[in-house]
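Participant: Protein chains in written order, with the working numbering: chain U, 1 to 108; chain W, 1 to 137; chain L, 1 to 127.
Do not rely on the hints blindly, as some may be mistaken.
[Claimed, not checked] With the Cβ distance kept under 7 Å, some of the chain W side facing chain U (calculated, not the full set):
1) A19
2) I27
3) D123
4) A127
Hint data in this document are derived by calculation from the structure and do not stem from the laboratory.
Computed from a predicted model, the values in this text were never measured in an experiment.
The C-beta atom is built at its ideal place from N, Cα and C for all residues, glycine as well.
One letter stands for each residue in the lines below.
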Amino acid sequence: MAKYLFIESRDPFDSSDSVYFSELVQGISGRGNEATLFLVQNGVLPLRRGSKHNETIAKFIKGKVKVLADGFSLRERAISNLLDGVEVSDVDRLVELLLEPGTKAIWH
Amino acid sequence: MASGKTLTIGIMDAPYESASSTTALRIINAALEKGHNVNVFAYEGAVNLTMKAQQPHANPVKGTSVEQEQHPTTKDWIAALFKVANGKGVKLDWVNCGLCVDERGAGDWIEGPRRGGPKDFLDASLASDATLVIPTK
Amino acid sequence: MPKILNIVETAYRATIEEQDDTVLWLSHMLKNAGADISILLRANAVNYAVKGQDASGLAFGETKMTHPPEIEKDVEKMIGKGVPVYLVEEDARERGISDMDFISGIKQVRREELPAIIDQHEQVWHW
Numbered sequence: 001m002a003k004y005l006f007i008e009s010r011d012p013f014d015s016s017d018s019v020y021f022s023e024l025v026q027g028i029s030g031r032g033n034e035a036t037l038f039l040v041q042n043g044v045l046p047l048r049r050g051s052k053h054n055e056t057i058a059k060f061i062k063g064k065v066k067v068l069a070d071g072f073s074l075r076e077r078a079i080s081n082l083l084d085g086v087e088v089s090d091v092d093r094l095v096e097l098l099l100e101p102g103t104k105a106i107w108h
Numbered sequence: 001m002a003s004g005k006t007l008t009i010g011i012m013d014a015p016y017e018s019a020s021s022t023t024a025l026r027i028i029n030a031a032l033e034k035g036h037n038v039n040v041f042a043y044e045g046a047v048n049l050t051m052k053a054q055q056p057h058a059n060p061v062k063g064t065s066v067e068q069e070q071h072p073t074t075k076d077w078i079a080a081l082f083k084v085a086n087g088k089g090v091k092l093d094w095v096n097c098g099l100c101v102d103e104r105g106a107g108d109w110i111e112g113p114r115r116g117g118p119k120d121f122l123d124a125s126l127a128s129d130a131t132l133v134i135p136t137k
Numbered sequence: 001m002p003k004i005l006n007i008v009e010t011a012y013r014a015t016i017e018e019q020d021d022t023v024l025w026l027s028h029m030l031k032n033a034g035a036d037i038s039i040l041l042r043a044n045a046v047n048y049a050v051k052g053q054d055a056s057g058l059a060f061g062e063t064k065m066t067h068p069p070e071i072e073k074d075v076e077k078m079i080g081k082g083v084p085v086y087l088v089e090e091d092a093r094e095r096g097i098s099d100m101d102f103i104s105g106i107k108q109v110r111r112e113e114l115p116a117i118i119d120q121h122e123q124v125w126h127w
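Let the sequences and hints guide you as you build the complete structure.
Facilitator: Shown next, in the form of C-alpha cells:
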C-alpha cells in the first residue's frame, strides 16, 4: 500500500469542491493506504471548534487519517481552539513528509 | 549540511494574487534550510514572481512611507532564497517557463532563475525524491 | 518511467488569450518529452471533451483573434497520441452532458473509481 500526503488549501465554506477532496481522501484511506491530511491557508478554517465542518474533520480522524494543521495559517486566522485530534504542525514537517520515500503528494 | 535529497515544486500563481505563492516560498525556504536541493518550475503567472521591476510602495491608508512600510516583493524573497541555498551549500534551480515569460513580458528577472520549459520540469521530477504541484484556481 | 496522472479541473481560465488550456498544453508537452502521462478531467473541465466548442470571432477594434483555442481538438490529439483521458461521469451528468455530447475516445469513470485510478499512478499532479 502507498503513502499519501494530501494538502488541502481550500475550505468548504468557499469551495464546494472540498467535498470531492474529502471523498478522495476517505476513498484512498479506505483502500488501506496510509493517508495524512495537511491543512494550510484557508484549509484550516473548518478546524475552529464549533465550525459546522468539524464533523468532516472528525470523520477523517476516526478513519485513521492523520490530520495536521499549519500553525502559521492557524495563527494568521486567530484559530486557537481546535477540534480534538488535530496536530498543529508547520511547513518543516510538510517537507519531511513530502520527502518520505514512496509518498504521493496531492495538493487541492 | 546537504542532505542529498531533492524536492521539485511546480507553481502557477502570479504574485499578490494567491496565498499559495507565499506558502510555496515557505516550503522552498524550509526545504533549503534543511539542506535539501530544490527545483522550482514556475509556470504561467508564477514567472512574474522573479521580475526585477517589482518595487515596494508606501501605504496611504496606513500613512506610511516606502521606507516605513517595507512592502515585500516576491523577487526579494526569492533572491533571499538563493542566498539561503548558497549558504547551505545546496542548489536552488529556479526555472521560469519560457513561453509564459514571453507572453507576459516577464523576461527581466533577478539573478538566479533560468529560462526553461516543461521538459525541465519532467527531468527535474524524474531526478527528484519528491514532486509537489501547487495548483492555481 | 513513473506513471503520471494530471488532474485538470479548472476550465476556461485564460484559454482565449492562451489559445489553449495551459494544463492540457503542458500535458501534451510532457508527453512529447517522453512522460507516461494520463489525464483526468473533472469538475468543469469535463466540458473540455464536449463536441462543438467555438471561441472564434473575437475582435478588439481592428485587432481580430485569428487562432482561437480548439480545446476539443487538443483533447482528441492527445487521445490520438495514446494518452488515456479519463473523465468523471457524475461531473458530466451534473452539468447536463450526456455520452452523445462527447468526442470519442474518452474513458468515463465514476467518482468511486478515482482512488483506484490514483493508486495506479506514481505521481498525481493536481493543476
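Participant: Against this structure, judge whether each hint is valid.
Facilitator: Outcome of the hint check:
no. : hint : in the structure
1   : A19  : holds (4 Å)
2   : I27  : holds (5 Å)
3   : D123 : violated (19 Å)
4   : A127 : violated (14 Å)
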